[in-house]
Amino acid sequence: MKTNIKVFTSTGELTTLGRELGKGGEGAVYDIEEFVDSVAKIYHTPPPALKQDKL
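Taking my numbering, the leading residue of the sequence shown gets 7, the next gets one more, and so forth.
Rather than coming from a laboratory, the hints here were simulated on the basis of the structure. Beta carbons are placed, not taken as given, at the ideal position from N, Cα and C, and that holds for glycine. There may be inaccurate statements among the hints.
[Unchecked claim] DSS-like mimics (lysine-lysine), calculated; alpha carbons at most 27 Å apart, straight line:
| id | residue 1 | residue 2 |
| --- | --- | --- |
| 1 | K12 | K60 |
| 2 | K60 | K47 |
| 3 | K47 | K29 |
| 4 | K47 | K12 |
| 5 | K47 | K57 |
| 6 | K57 | K12 |
| 7 | K60 | K29 |
| 8 | K29 | K12 |
| 9 | K8 | K29 |
| 10 | K47 | K8 |
| 11 | K29 | K57 |
[What the hints assert, rightly or not] Computed spacing ranges between beta-carbons, pair by pair:
| id | residue 1 | residue 2 | range |
| --- | --- | --- | --- |
| 12 | N10 | H50 | 14 to 22 Å |
| 13 | S16 | P54 | 17 to 25 Å |
| 14 | L56 | K8 | 29 to 37 Å |
| 15 | I38 | Q58 | 17 to 25 Å |
Let the hints inform the model, and build the full structure from the sequences given.
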(Lines of atoms letter the chains of each structure in order from A and count residues from 1; the text may use other names and numbers.)
(Lines give C-alpha, C1' and ligand atoms only; values in the text may rest on other atoms or scores of the structure.)
Protein backbone atom coordinates (compact mmCIF):
# COMPACT_ATOMS: atom_id res chain seq x y z
CA MET A 1 0.00 0.00 0.00
CA LYS A 2 1.30 3.45 -0.94
CA THR A 3 1.84 6.05 1.77
CA ASN A 4 1.53 9.82 1.63
CA ILE A 5 4.51 10.39 3.92
CA LYS A 6 6.65 13.36 2.85
CA VAL A 7 10.31 13.49 3.94
CA PHE A 8 13.41 15.51 3.16
CA THR A 9 16.47 13.85 1.62
CA SER A 10 19.98 14.46 2.94
CA THR A 11 20.32 17.17 0.27
CA GLY A 12 17.14 18.95 1.35
CA GLU A 13 14.83 17.77 -1.44
CA LEU A 14 11.22 17.02 -0.51
CA THR A 15 10.15 13.54 -1.61
CA THR A 16 7.26 11.14 -1.07
CA LEU A 17 7.66 7.65 0.32
CA GLY A 18 6.04 4.85 -1.61
CA ARG A 19 4.95 1.49 -0.31
CA GLU A 20 6.34 -0.06 2.85
CA LEU A 21 8.78 -2.82 1.95
CA GLY A 22 9.34 -4.14 5.46
CA LYS A 23 9.66 -3.24 9.11
CA GLY A 24 11.42 -4.45 12.19
CA GLY A 25 12.69 -3.43 15.59
CA GLU A 26 14.54 -0.30 14.43
CA GLY A 27 12.06 1.07 11.92
CA ALA A 28 10.43 0.62 8.53
CA VAL A 29 11.81 0.64 4.97
CA TYR A 30 9.95 2.35 2.11
CA ASP A 31 10.55 2.75 -1.58
CA ILE A 32 10.96 6.34 -2.77
CA GLU A 33 8.74 7.50 -5.63
CA GLU A 34 11.16 10.02 -7.13
CA PHE A 35 14.27 7.83 -6.69
CA VAL A 36 13.37 4.39 -8.03
CA ASP A 37 16.80 2.90 -7.24
CA SER A 38 16.70 3.98 -3.58
CA VAL A 39 14.87 3.19 -0.36
CA ALA A 40 14.39 5.08 2.90
CA LYS A 41 14.60 3.66 6.39
CA ILE A 42 12.48 5.56 8.90
CA TYR A 43 13.52 4.85 12.48
CA HIS A 44 10.98 4.47 15.30
CA THR A 45 13.34 6.44 17.58
CA PRO A 46 16.55 8.27 16.66
CA PRO A 47 19.54 5.91 16.47
CA PRO A 48 22.42 6.35 18.94
CA ALA A 49 25.03 8.99 18.07
CA LEU A 50 27.65 6.40 17.03
CA LYS A 51 25.24 4.84 14.56
CA GLN A 52 24.17 8.26 13.25
CA ASP A 53 27.78 8.98 12.33
CA LYS A 54 27.82 5.81 10.19
CA LEU A 55 24.58 6.72 8.43
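Here is what the structure says about each hint:
Proposed proximity of K12 and K60 is supported: the alpha carbons are some 24 Å apart, at most 27 Å. Taking the CA atoms of K60 and K47, the gap is near 14 Å; set against the 27 Å cutoff, the hint holds. With a C-alpha separation of about 9 Å, the suggested pairing of K47 with K29 holds against the 27 Å cut-off. Restraint check: the Cα-Cα separation between K47 and K12 comes to about 13 Å, which is no more than 27 Å; the hinted pair holds.
For the given pair, K47 sits about 13 Å from K57 by alpha-carbon distance, which is consistent with the 27 Å threshold. The hinted pair formed by K57 and K12 meets the criterion: a straight-line CA distance of about 24 Å does not exceed 27 Å. With a C-alpha separation of about 20 Å, the suggested pairing of K60 with K29 holds against the 27 Å cut-off. Straight-line distance between C-alpha atoms of K29 and K12 comes to about 18 Å, which keeps the hinted pair within the 27 Å bound.
For a cut-off of 27 Å, the pair hint linking K8 to K29 stands: about 15 Å separates their Cα positions. Taking the CA atoms of K47 and K8, the gap is about 15 Å. The hint holds against a cut of 27 Å. About 18 Å separates the Cα atoms of K29 and K57, which keeps this hinted pair within 27 Å; it holds. For the pair N10 and H50, the supplied restraint of 14 to 22 Å holds, since their beta-carbon distance comes to about 19 Å.
Here the CB-CB span from S16 to P54 is close to 19 Å, well matched to the stated 17 to 25 Å. At roughly 34 Å, the beta carbons of L56 and K8 sit within the given window of 29 to 37 Å. Under the hint 17 to 25 Å, the C-beta atoms of I38 and Q58, about 20 Å apart, fit the expected range.
Every hint from the earlier list agrees with this structure, and none is contradicted.
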